[in-house]
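Please build the complete structure, drawing on both the sequences and the hints.
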Amino acid sequence: MAVSYKAVGWNRQKRIYDGVVLAGVLSYLGLFVGSGIVLDAQATLETLLIRGLGTCAFLLLTIILSIGPLARLDDRFLPLLYNRRHLGVTMSVVALAHGVLSLVQFHAFGDLNPLVSVLVSPGRWEGVAGFPFQPLGLAALVILLLMAATSHDFWLANLTAPTWKRLHMLVYVAWALLVLHVALGALYGERHPALVAVLAVAVAWVLLVHGAGALRERRLDPDSVPGARDFVRVCPVDAIPENRARIVSLSGERVALFRYDGKVSAISNVCQHQNGPLGEGCVLDGLVTCPWHGYQYRPHDGTSPPPYAEKVPTFRVRIVDGVVEVHPRPLPAGTPVEPARIPGHPPTEATP
Amino acid sequence: MSDRTDDREFYVGYRGRAPRGIAAFVRGRVVGLLIFAAVLGVGLASLQRPADLGVFEFGEPRELTGIVRERPWPRLELEQPAGDGTARSRYPLVSQGKHGAQQLVAGLDGARVRLRGTLVWNDLATLVEVVPGTLERLEESTLPVVEMEGLGEVTLRGEIVDSKCFLGVMKPGRTKPHRACAANCLRGGIPPMLLVETTSGQRQLWLLVDEDGGPVGEKVIELAARPVEVTGRARREGDLLILAADPTRYRPLG
Numbered sequence: 001m002a003v004s005y006k007a008v009g010w011n012r013q014k015r016i017y018d019g020v021v022l023a024g025v026l027s028y029l030g031l032f033v034g035s036g037i038v039l040d041a042q043a044t045l046e047t048l049l050i051r052g053l054g055t056c057a058f059l060l061l062t063i064i065l066s067i068g069p070l071a072r073l074d075d076r077f078l079p080l081l082y083n084r085r086h087l088g089v090t091m092s093v094v095a096l097a098h099g100v101l102s103l104v105q106f107h108a109f110g111d112l113n114p115l116v117s118v119l120v121s122p123g124r125w126e127g128v129a130g131f132p133f134q135p136l137g138l139a140a141l142v143i144l145l146l147m148a149a150t151s152h153d154f155w156l157a158n159l160t161a162p163t164w165k166r167l168h169m170l171v172y173v174a175w176a177l178l179v180l181h182v183a184l185g186a187l188y189g190e191r192h193p194a195l196v197a198v199l200a201v202a203v204a205w206v207l208l209v210h211g212a213g214a215l216r217e218r219r220l221d222p223d224s225v226p227g228a229r230d231f232v233r234v235c236p237v238d239a240i241p242e243n244r245a246r247i248v249s250l251s252g253e254r255v256a257l258f259r260y261d262g263k264v265s266a267i268s269n270v271c272q273h274q275n276g277p278l279g280e281g282c283v284l285d286g287l288v289t290c291p292w293h294g295y296q297y298r299p300h301d302g303t304s305p306p307p308y309a310e311k312v313p314t315f316r317v318r319i320v321d322g323v324v325e326v327h328p329r330p331l332p333a334g335t336p337v338e339p340a341r342i343p344g345h346p347p348t349e350a351t352p
Numbered sequence: 001m002s003d004r005t006d007d008r009e010f011y012v013g014y015r016g017r018a019p020r021g022i023a024a025f026v027r028g029r030v031v032g033l034l035i036f037a038a039v040l041g042v043g044l045a046s047l048q049r050p051a052d053l054g055v056f057e058f059g060e061p062r063e064l065t066g067i068v069r070e071r072p073w074p075r076l077e078l079e080q081p082a083g084d085g086t087a088r089s090r091y092p093l094v095s096q097g098k099h100g101a102q103q104l105v106a107g108l109d110g111a112r113v114r115l116r117g118t119l120v121w122n123d124l125a126t127l128v129e130v131v132p133g134t135l136e137r138l139e140e141s142t143l144p145v146v147e148m149e150g151l152g153e154v155t156l157r158g159e160i161v162d163s164k165c166f167l168g169v170m171k172p173g174r175t176k177p178h179r180a181c182a183a184n185c186l187r188g189g190i191p192p193m194l195l196v197e198t199t200s201g202q203r204q205l206w207l208l209v210d211e212d213g214g215p216v217g218e219k220v221i222e223l224a225a226r227p228v229e230v231t232g233r234a235r236r237e238g239d240l241l242i243l244a245a246d247p248t249r250y251r252p253l254g
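Protein chains in written order, with this note's numbering: chain A, 1 to 352; chain B, 1 to 254.
Treat each hint with caution, since some may be false.
[Stated by the list, open to error] Pair ranges (Cβ atoms, derived):
hint : chain 1 : residue 1 : chain 2 : residue 2 : range
1    : B       : Val39     : A       : His210    : 19 to 29 Å
2    : B       : Arg8      : A       : Gly344    : 48 to 58 Å
3    : B       : Thr231    : A       : Gly30     : 46 to 56 Å
4    : B       : Arg8      : A       : Val20     : 22 to 32 Å
[To be verified] Stretches of chain B that chain A covers, calculated by requiring three or more beta carbons in the stretch to come under 8 Å of a beta carbon on chain A:
hint : segment
5    : 11-20
6    : 29-36
7    : 43-49
8    : 174-183
[To be verified] Chain A stretches covered by chain B per the calculated footprint, using a threshold of three residues with CB under 8 Å from any CB of chain B:
hint : segment
9    : 99-113
10   : 278-286
No lab work stands behind these hints: they were computed from the structure.
A quick note: this is a predicted structure, and the numbers were derived from the prediction, not measured.
Even for Gly, the Cβ is constructed at its ideal location relative to N, Cα and C.
Here it is as structure tokens:
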């Protein structure tokens with residue numbers, strides 16, 4: 001959670017995460033370049049570096065794209081999601097190194113500006129064999145750098161979460177461009193069937209894991225009550241685990257019903273940070289805690305505890321005959337709402 | 001009313017330690033992923049096509065003395081030591097980067113020169129990258145002009161390469177991944193050559209000139225690193241194979 005902007009809010013988990021990522025990237029590059037030199041005495045260092053960096057960036061991007069769906073399928077993957085932004089920035093830096101080296105190698109020291117040279121790469125746009133693949137890589141790199149540059153919470157807060165999220169969904173455009181960049185470029189010079197198979201498996205994996213994640217999401221999709229105008233009966237109160245939530249969709253808005261300390265409160269399911277699913281979080285130290293990055297809100301007013309200032313909409317809630325009822329109209333973010341008390345469960349602390 | 005509990009572990013990144021079960025789960029997956037990445041790195045490196053033979057004697061220039069020819073492409077003729085004055089080696093000359101040597105040798109056609117140059121060579125030909133500022137005019141040529149040997153009209157299929165990269169500066173110095181570089185080299189005045197590979201595995205390298213024996217210029221840029229069919233007059237100039245044809249009539253094959 002952020003009250004002021006720091007370059008990186010370091011903690012133990014992030015240090016471990018970044019250390020593993022750095023070690024992994026350096027090991028991969030070392031193994032790729034080292035094997036290339038050992039296996040082929042004619043190979044040149046610059047070509048091995050370009051290829052090593054390119055394949056490393058693609059592998060990192062494949063991992064990055066897989067983390068979200070995997071976390072949907074099994075929430076034990078959530079620690080990989082927590083610091084995914086650092087993984088993304090690392091991938092962008094590796095991709096940039098690949099791009100700069102390629103730019104120097106293939107486009108510099110000639111009559112044209114290197115960037116102009118990329119854009120006027122000879123080829124025939126209408127055919128597959130002649131399609132110039134380097135502009136595709138450049139376009140993907142621009143997207144990845146834009147995402148890396150705006151990955152900080154400063155941009156998230158200033159662009160607003162929905163806009164930031166839309167911007168960062170461009171990663172899928174970048175991924176598609178890179179698949180074409182590899183298929184129409186490197187694989188035209190390197191036609192070993194196993195290399196084609198590796199790319200095909202990577203593409204299939206990303207599509208498969210997203211499909212599985214989407215199916216899981218659909219199965220878990222909350223009970224939907226469209227068009228409700230008054231209190232809606234949602235579920236028996238004992239269907240909500242202690243310190244956890246049940247998610248319901250009311251008039252198109254996802255609401256998270258949290259049970260804690262003999263009470264039930266209802267707040268928006270959407271975290272203000274990165275639109276994380278608050279209803280999949282839990283109540284820790286009396287605060288609703290987002291499963292993605294640990295942003296916290298008081299359950300009765302949807303407000304982050306001081307000195308933080310994030311707020312989410314709240315909903316009126318009551319319990320009638322052991323059934324939780326929620327009013328579908330959201331109240332302005334941060335509006336205090338009296339929690340519904342569970343009969344037979346006296347509050348354990350003096351909060352509302 | 002029953003009390004339902006959920007004992008699943010919950011991870012919060014900024015807390016000191018991850019819950020034991022989640023930590024073990026993630027540790028196992030990450031170790032597996034690192035092993036997979038290591039195998040993938042070695043595997044991808046080993047699946048690459050072997051690099052073409054070729055040597056770029058970068059940082060080791062030699063002093064060379066010979067006769068400069070300006071057209072169709074700058075080249076240096078060196079009398080072979082044991083020869084009778086007609087046996088010569090011919091080395092195309094280029095400048096540093098993606099530039100030809102046209103400006104360096106302008107007005108020196110037929111002159112004997114001394115220069116320092118970096119050799120680029122493979123089993124098919126040798127080329128010299130001239131070190132800037134080292135080309136020194138000595139005198140007019142005393143070597144007799146060697147007649148060219150006509151080989152008749154031929155039709156050849158091959159790939160248009162820029163001679164500098166193909167002979168050893170870059171690996172790969174051919175095929176589609178190198179196309180943009182080849183185009184830049186040809187645009188900068190590097191002599192274009194046609195790499196012909198026979199079904200028996202033999203290779204030949206033909207210097208491309210237009211039908212009048214002049215440089216083909218920028219007409220071949222769009223065809224760089226592409227398979228083409230060229231019909232033209234073939235001739236041999238010492239150890240150099242030359243193919244003269246109108247570049248607008250080159251036939252792309254793919």
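Hint check results:
1. Val39(B) / His210(A): 19 to 29 Å: holds (25 Å)
2. Arg8(B) / Gly344(A): 48 to 58 Å: For Gly344(A) against Arg8(B), whose Cβ atoms are near 25 Å apart, the range 48 to 58 Å is violated.
3. Thr231(B) / Gly30(A): 46 to 56 Å: At roughly 50 Å between Cβ atoms, Gly30(A) and Thr231(B) fall inside 46 to 56 Å, so the hint holds.
4. Arg8(B) / Val20(A): 22 to 32 Å: holds (24 Å)
5. 11-20: holds (count 8)
6. 29-36: holds (count 4)
7. 43-49: Since three or more residues must qualify, the claim that chain A covers the segment 43-49 of chain B holds, with 7 doing so at under 8 Å.
8. 174-183: holds (count 8)
9. 99-113: holds (count 8)
10. 278-286: Contact hint for the segment 278-286 of chain A vs chain B: holds, 3 residues under 8 Å.
In terms of the numbered hints stated before, the structure departs from hint 2 and from no other.
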